[in-house]
Each structure stands twice: as structure tokens, then as C-alpha cells.
Amino acid sequence: MIDVIIGGAIIGAIFSLIALGLNLQYGVTRILNVAHGEFLMLGAYVTNIFFSNYGMNPLLSLILSGPIIFIIGILIQALIFRRIISISRSAEELEFRSLLACFGLLFIIQNMVRIIFGPMPISNVYLTESVFILGERFQLNMIVSAIMSVALSIIFYLVLRLTKLGLALRAVVEEPTGAQLLGISIQKMHSLSFGLGVLLCAISGTLVSMIYTNINPYIGPQYTFIALTIIVLGGLGSFIGSMAGGFIIGYIYYLSLKIEPLIVMAIIYLFLVLFLIGKPKGLFGR
Amino acid sequence: MKAITKMQAIIIAVIVIVAVVAGVIYLFFLAPPKVLPPKDKVVIGVAHTLTGPAAAACRLHHAYYYMIIEDYNAKGGLYVPEYGKRLPIELKEYDDKNSIDTMLTLVEKLIIEDKVDLLFAPWGTAFNFAVFPLTERYRYPLVALTFGSEIAAEKMRRGEFKYAFSVLGLPSETGKEIADLFEYIDKRMTPIKRVGIIYHSDQHGVEYSGAIFSHLVMRGIEVPVHQSYPPDIADFTPLISTLRAANVDVVILCGYMEGALFVHQCKAQNFNPKLIFIGPTMEVPGLVFGPFGFTPKDLIGVCYYDGWPATAYKDPKLKAWAEDHKRRIGDYPFPASATFYAGLECLFKAVEKHGLDRDKIRDALVTETFDTIVGKFKFRQGYSAQCELAGTITQWQGGTMMEVIWPPEAASASIICPKPAWPS
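Chains as they are written, first to last, in our numbering: chain F, 76 to 361; chain U, 7 to 430.
In isolation and in its complexed conformation, chain F is listed as follows (with noise of 0.2 angstroms):
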């Protein structure tokens, strides 16, 4: 009981910071970026090039990998969602716009990524070690990913709350005419968001590095779907329902595990669905 509880929390910890980014993006600027993913595999491979040439520990290199990614986000913001929130003349093109270029995009990171460090896997296994909690042992890599996932989340959740920042944040969200009358700059807002969203996604990626051996050019899609699944099931734009999401898919996933493992992706969207069928809007949804 004691490894459910625990095991579900580390998975579902973690899955909470994959979706944070997306469902910042979406609540932002409302790009649904399903190159999410993407992200994290190149925050998986930026920490690579720092761990592997440089032995240096992967959370370490967080302070450097991290800038790199967040500029890499607001450059891929500035020169392909400017200016298509720009010309779109409604929310609905834009979703419609932005998504074909997120599918673009995915493509594009895919392959120069296959292009400059080939096809053979990487991995930044850190960490390996057991720890006991409660009388269960658990691998310190994940107990760490998930601390620090929650870590971030609250930081995060805090820079929304007491931040002039987060107000704006929070202002271009609700009411986006009325923050511009108040001189919030809506682009400043998109850019940092965006690269926010990109920068939380890289951070996962390294963590998720620090455990999995087998981080290659195309892992990117099943993190993108895990993250739909939170952010859908959670309620779009919703920074709680992310949190809660992914705590719920969390413990789904590794109860599936452990009854049926085969089927985990079927028991998560069967629950999905029939979630849904109750509550259309997720479960902060408005």
C-alpha cells in the first residue's frame, strides 16, 4: 500500500511539471503546442552535452541548460507565433494556425536533433541508488525528480500568485483587452510564457533523463500525450487542475501497473472519457 501511495505520488509529481509548461502556453496565448515533447527531449540532450563532455551532474547543469532552452523558446516564439497571433483574426484560427506550425515544429526539433547527435540513444542515469521511506525503497533519482518537480510547481505557483509579474500573467489570461489598457505588453507576456512553458518542459526532461536509459530523438510524442491527457483532464489553462491531473493520472498509471500493465494507456483514457462524460470542462475548467 505504502509503494502505491508513494509510487503513484513520484510518477504523478513528475507528469504535474510535463504538463505545467503546456498548460501555461495554452492559458497564455492559446497555442496548443503538441511539440511539448520536443522540448523535453532537447532539455534531455542540452543536459547530455554538459553531462557526458563534462561529467557534470545533470541538476547542476540545470543553471546553464536552462537560459540556452528558455532563449531557444522565446526565439521559436518571436519568429513563428508573432506573427501568427498577429494575422489571426480570431481565437479559433489562431488554435487552428498555431497548431499546424506546433506539428511543424515537432517535425523540424525531431530531425535536427536526429541530424546533429544521430540516432543511438542518451541517457543522464544519476542518482541510481536506493532510499527507504516508510519500509519501501524507491530509486533516489525519482524521489528527487519528484521533489524537485513539486518544488518547482510551487515556486511557480507562487511567482502567479505574489508576483507583479504573475498578475500580469494572470490579467493577459482572464482579460486580455482589459490588461493592455492597463499597459501590460500581450507580446512581452506571449514570449515569456511561451518560453516559461518551453523552459519548464526542458527542466522535466532532464529529470526524467536522470531515470530513463533510453532518451532518443523521437520520445517526444508520449510526453506530449500524457500532457494532453493532464491538461484535458485537469481543465485548460488551469495551473491546480495540472497539479491535480497529473497526480491522478499518476496514480492510475502505476495501479495499472501493477494490475494490468499491458493496458495502462486504455485504463487512463477509458477514465478520461468517462470523466469527461461528467465533467466536459476537466476538473478546474471554466
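In case anyone wonders, no lab produced these hints; they're calculated from the structure. All C-beta atoms in this analysis are idealised placements derived from N, C-alpha and C, irrespective of residue type, glycine included.
Restraint ranges, calculated between C-beta atoms of paired labels, are given here:
hint : chain 1 : residue 1 : chain 2 : residue 2 : range
1    : F       : Gly210    : U       : Asp208    : 31 to 39 angstroms
2    : U       : Met224    : F       : Glu335    : 22 to 30 angstroms
3    : F       : Leu337    : U       : Leu97     : 32 to 40 angstroms
4    : F       : Ile342    : U       : Met195    : 37 to 45 angstroms
Starting from the known structure of chain F, arrange chain U on it as the hints suggest.
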């Protein structure tokens, strides 16, 4: 109707005889010799996985395509007897993007449009299974490196896949060898009464786990856990709990790269059965000591079941080959590396003896025994190839290459069982 006279009959007979004799003289003495089309190279086609999730495994297993071409081109190319000289080999390569449909289209393009002289096989059991009917139709002999299917082997034995040749073993052969090994260990070393099998839900996983399960049960070994898992599994901890609760002596994982996560998590959970068997990719030194993050000490006692025929690299000739492999590819070979190379050598040796007539090549591959880097090598359609320096099961024993531990007559080292405790 008026009957012909005797004289007329003689004249007709003479005319016929003269015509036949003239024809024979023309054919054998006067006709210009058959002119071969000019040819300055031998083109070999291959459609395999260069992008997509399986690209890494394909690159590892098919490194021998490039290696053997490089080796032959270094000595001037492939000797083609009908031209009486060596011709350089060119590889025409397409990316099937890990899609069977794309692979089939590309192989047909290689045959019809590019008119390649020979074909190399695609990567993976399911892909080879799909391409065999096509190569059969166009009569291209195909040496499949990464293939092990009981269903396809049965078709080979029935003569439905006459042009297909397999290097690796079949699931039933692997199952029997594992059961033999466990019986041997049970009688002479330590009891093996209960085995847990978990498998990746694809053709390889289903066929191998099924065959191993059947052989173990037939020998009276209990299999309390026989469970599949999803390809993108994120955590083996629940399955490890199940295996621990079932009190199994040995665990067999029929899967690929996720085997590394399983071993890491067994170590973290301090779950230490007497033996752990892991499927393809955990036998590749370049992976296990690279991205998988293991040290040789971590893996002592971990076995590989699909190395049929696994090669003992302690043989002096193969030891030199292994060093050359490290120099050229960057890593030491995995158990089946030399066998893969030898399988391709057979194809090239058949061409050097019989020319580019694909039916003759096929007949040679069926009937002849070839001298290769692993010694005498012979294909057996519907069964694994026979080679001189072969074993069936390998084990990590602390070195940078695996040791052959089974069968005893081919072993390069004694069996380590039970495996030692995980290093701290």
C-alpha cells in the same frame, strides 16, 4: 492423298539432318559469344530504419552491412566470375522510417526501378516477415540478420520462403536451450524451480516469451508470472513487486532498451534473483557502458538469451576481429556481431563462386558450407544457422564483452549462478 516416294523421304531426311547439323555448328562454333551488359559495380539495395525509435538498434545491428562492404572494397570489390574481375560494391540505401508499408514500397523500388543486383534485409522480425513474400516473388536471396519467428520458420521449412535465410535462432530453440541450462543449474549448482517472465508486447516478445514459457512448463519448472508490459513503460517497480511476491528464482525479460531501466530498478529495489535474462540491446557493450550507465561490476550474472548463435570472442582469430571492431566502430562486439558478419560473408562468397545469378546464389546458400570469420558456417532454412564457434546463451561476468556460458561444449567461461549481490 498421294504417298511420298522413297526418294522424296530421303531428300527430306537429308534436309532435316543438314539443318540440324548446321544449327549445331552455328550455335557452338560460329555464333557470336553471349555479350554481357557492361558493368562497373555491384549494387546492393537496402531499405531499413534510419529514423524513428528503432533507428538506434538498426544502426547497431546493421553496422556490419557497411563494415563488410568496406572490407571487400578495400580489396578491390566483389569478384564476379562472369566478368572475371572484382567490381566495387555500392550500397543503395533508403530509410523506411520504421514503417513496414514504407519498407515494402522501397524494396519494390529497389528491385524494379533501381534494378539492384542484391538486397540486404530490413531491420527487425516483423519487417523481415513482411518482406519475405516480396523477395520470394522477385527471387532475391535475403540473409536476415535481426529475425526470429517460429511462424516464418515454419514457412521456410514448407518451402514457401525459399529465398529467405536466417542467422539468429528461433524462439523454440532459445526456449529449449534455456530449459536445458536451468535443468543443468538445478541439478548441479542451485535449485531453479520458479521463473518469472515479463515481455514487451510485440512479435519478438510474444513469440520468445511463449516459447520459453512452454519449454519451462514442459520440464516441470513453474512460471508464476508471465506478464506483458507496454512498450513505453515508465516504471517497473510494480512488476518487480509482483515478481518478488511470486518468489521467483530467475527473471526473464523479453524486450529491448527498457531492459536497462528494469536492471537499474532491480538494483535500486535490491531485487536480486539467481539469474536475470534480458533481451536485445542489453548485450551491446556500446549501450550498456554508455547511455545505459552500467559498470561491468553492475551486470555480473545478467544473461542474454537471444544471442543464438552467440560467439565466443576468446578464440584468437575472433579476438583480433573484436579488437578491429573496437577500432573501427568504437565499441567491442556483442555476442552475435561476428555471426552477423559471417552471414553476409556467405552471401558474398556465394556470389564470388557462382556470379550474380540469384537462383544459383540461393542454391549455394541452401547447400554449401562457407568458411567465415566464425569458422564453418551453414544456413539451415527454417532453423538457426550452424557455425563452428557458437554458443547459445551469454552472460556478463565483469568484462567488457559477454561470455558464452551455454552449451557446455561451446562455453568460454563457467556459469555464474546465483548472481552476486548488487554492488553498492
